[in-house]
Amino acid sequence: MQATESMIKTRGGDLLLRRAGKGPTLLFLHGAGGVPGWLPFFDKLSDRFDLLVPDHPSFGKSPKPEWLDEIADLAYFYLDLIDELKLKDVHVVGHSMGGWLALEMAIRSQQRMKSLTLLASVGIRIKGNPVANLFIMTPEQLMNALYADKKIAAAELARTPTPEEIDRIVINRTSAARLAWSPRFFNPKLSKWLHRVTVPTQILWGAEDQIVSVAYADEFQKFIPHATKTIYPNAGHIPFAEKLDDVTASVSNFVMRNS
Amino acid sequence: MKVTMFHLMPYPRLSDEVIAGQNSYWVTMPNSHYDPKVGHDTYNKYLDELELCDELGYDGIAVNEHHQTPYGMMPSPVVTASALARRTKKCKIAILGSAFCLREHPLTLAEEHAMIDNITGGRLITGFVRGIGAEYQVFGTNPVLSHERHYEAHDLVVQAWTKPGPFAFEGKHYHVEYVNLWPRPFQQPHPPIWCPSQGSNETIEWAAHPDRKYLYLQNFNPFSAAVQYLNYYREIAQSRYGYAATSAQLGFGSPVYVADTDEQAMAEARPHIEFLFNKSLKMPPGMLFPPGYTSPKSMRQIVTAKSSIMVAQKTIEMLAELRVIVVGSPETVIKQLTDSHKHLGFSNFVAMLHFGSMGHEQAVKNITRFAKDVMPALQALDDRNYVGFEMPKARAVN
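Chains A and B are the protein sequences, given in the same order.
Be aware that the first sequence starts at 35, since it is given in the working numbering, and climbs by one per residue.
Be aware that the second sequence starts at 34, since it is given in the working numbering, and climbs by one per residue.
It should be emphasised that the hints constitute simulated quantities derived from the structure, not laboratory data.
Please note that the accuracy of each hint is not assured.
Each computed DSSO-like pair below joins lysine-lysine, with the alpha-carbon atoms no more than 30 Å apart [unchecked claim]: (1) B:205 to A:98; (2) B:315 to A:184; (3) B:330 to B:315; (4) B:78 to B:246; (5) B:405 to B:78; (6) B:78 to A:95; (7) B:426 to B:246; (8) A:98 to B:330; (9) B:205 to A:226; (10) A:43 to B:205; (11) B:375 to B:35.
All values reported here derive from a predicted model rather than from experimental measurement.
Please put together the full structure from these sequences, using the hints given.
In structure tokens:
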């Protein structure tokens, strides 16, 4: 289903929000690279759910508000937004940096959160196993690290990005660095509060993830023991691109089960 | 005009094989290639070269700061300047510069600079820099906050130097309950502040502000860029701030090599200058330009760069043609620098007389020759030799 895309006014400033579908409410929180638009994954999810895909403040088309300094600010912003939009029973799906954001929300308040899906999430650190250094990689290195299927990486690299795309990449890169330059894509204090995550949680990961190693799936499960875990073979850091049907099924079944 | 000798203090040349085996000369070049015995020997020879400058009548000697790279062995320019403080008598000691904003506590640097100023009886010049992008890979300082930390660190340091203490400094990035420096700087109100740059309108607009009027030092760029930036300083002072900037607010720097003839100078300088530009600046673009450190325009080039290495190979002829460097007989060098001064009117020239892989004897020869056969002609230059500044009628400021 095609989404409406609009700039909405919130307490924290303007926000670009894509929304489509009917059913249980699903909030997708994007990663450091943002979203290029309405992806096939969103299309499929919006067949069964009321799907919201915002550009985080300072990412994509959402302007940078004065108040934004750190990931906790975004967590409070989204908790406020859920109240403002009068959303109830929200199923949060966070990808990569969006997973970290979802966890920062969950440890603060799960009052309106019905379930949590962590997709190749960052936010904690396994000593000796850092997240790949996205900020120093060349475009070739980045694409090859993102996808298990090197043909997809090659096709992406062969494409000449539009000026709008380049602007989006620059904006998102800068915004991600603001939140995650140091400590690099994690909050050293997060893991000691992860016991507060009590909503049904699932952990989804690509077995070949070269940005955030699949070892993190186990690590998150240590802190959130009730979480279930699904690992997709032959998938990289964006499993919903490489394993679209499988990831859609995992999310849909999990959300339906917990609605 | 005042003449200052600037030293980068590079580690002696690593083999081409070692360099080819690494994707960067900075940050990640393994320090197993550092030999402390070589380091000891090199530091002392370099310090000897700078001390020699004081004896030869240079107006100043200058040191700088870079981290975790054989490109320069001065992670702390305060240490280098301190080593020089008591061994030199007349020349200024310029720290070009200190990266105050990389520190979690710039007040420590304010204290250290004040100490050097006291020990030398007011011979310190303090440079304020942000460090190059690679520095942000080392300390974890957020490059997105680089500018705001830079400005705030400056405010903290200058207030610490000038405002009667104790007082509280209540900033966004720095918060200090008691600012109350012992010692206060020797120079009043504080040591001269220079802003070394590779070319930045933002830095110029900040330095030229009537509250500051700091010296802007254009370093290691083609002459055309020096024309653009130094004139921009005079232009912005006039058009935005309503005053005429003086030549005292402008400096210009470049590597210089002098020998009997132009041919001999080119031949002797070639391996060292080409090493400096082609080998020792090797690093991935993402390392040099972390997000937020630089303008969105530069960032666009980085995210679309197909090559993993920024440096295009340069020959000494190309660099000399662009006047990034000044190489030749004393007559050639005087002629070129007199011409640069004639068009730009800067009050300070910063000469890098050791560069790249140059050995000690050759550096001493260059420093001595320059002092004897070039420097007096430069020190005689002043505004009478400058054509003067005319406001451009219409120019797009980018």
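Hints and how they fare:
1. For the given pair, residue 205 of chain B sits about 18 Å from residue 98 of chain A by alpha-carbon distance, which is consistent with the 30 Å threshold.
2. Taken as a hint, the residue 315 of chain B and residue 184 of chain A pair is honoured in the structure, with Cα atoms around 28 Å apart against an allowance of 30 Å.
3. About 21 Å separates the Cα atoms of residue 330 of chain B and residue 315 of chain B, which keeps this hinted pair within 30 Å; it holds.
4. Restraint check: the Cα-Cα separation between residue 78 of chain B and residue 246 of chain B comes to about 36 Å, which exceeds 30 Å; the hinted pair is violated.
5. Our distance criterion of 30 Å between C-alpha atoms is met by residue 405 of chain B and residue 78 of chain B, whose separation comes to about 21 Å.
6. The straight-line distance between the Cα atoms of residue 78 of chain B and residue 95 of chain A is roughly 56 Å, outside the 30 Å bound, and the hint therefore fails.
7. A distance of roughly 24 Å separates the Cα atoms of residue 426 of chain B and residue 246 of chain B; the hinted pair therefore holds under the 30 Å criterion.
8. Our distance criterion of 30 Å between C-alpha atoms is met by residue 98 of chain A and residue 330 of chain B, whose separation comes to about 18 Å.
9. Our distance criterion of 30 Å between C-alpha atoms is met by residue 205 of chain B and residue 226 of chain A, whose separation comes to about 27 Å.
10. For a cut-off of 30 Å, the pair hint linking residue 43 of chain A to residue 205 of chain B stands: about 27 Å separates their Cα positions.
11. Using a Cα cut-off of 30 Å, the hinted pair residue 375 of chain B and residue 35 of chain B holds, with the two alpha carbons roughly 15 Å apart.
Of the numbered hints listed earlier, those contradicted by the structure are 4, 6.
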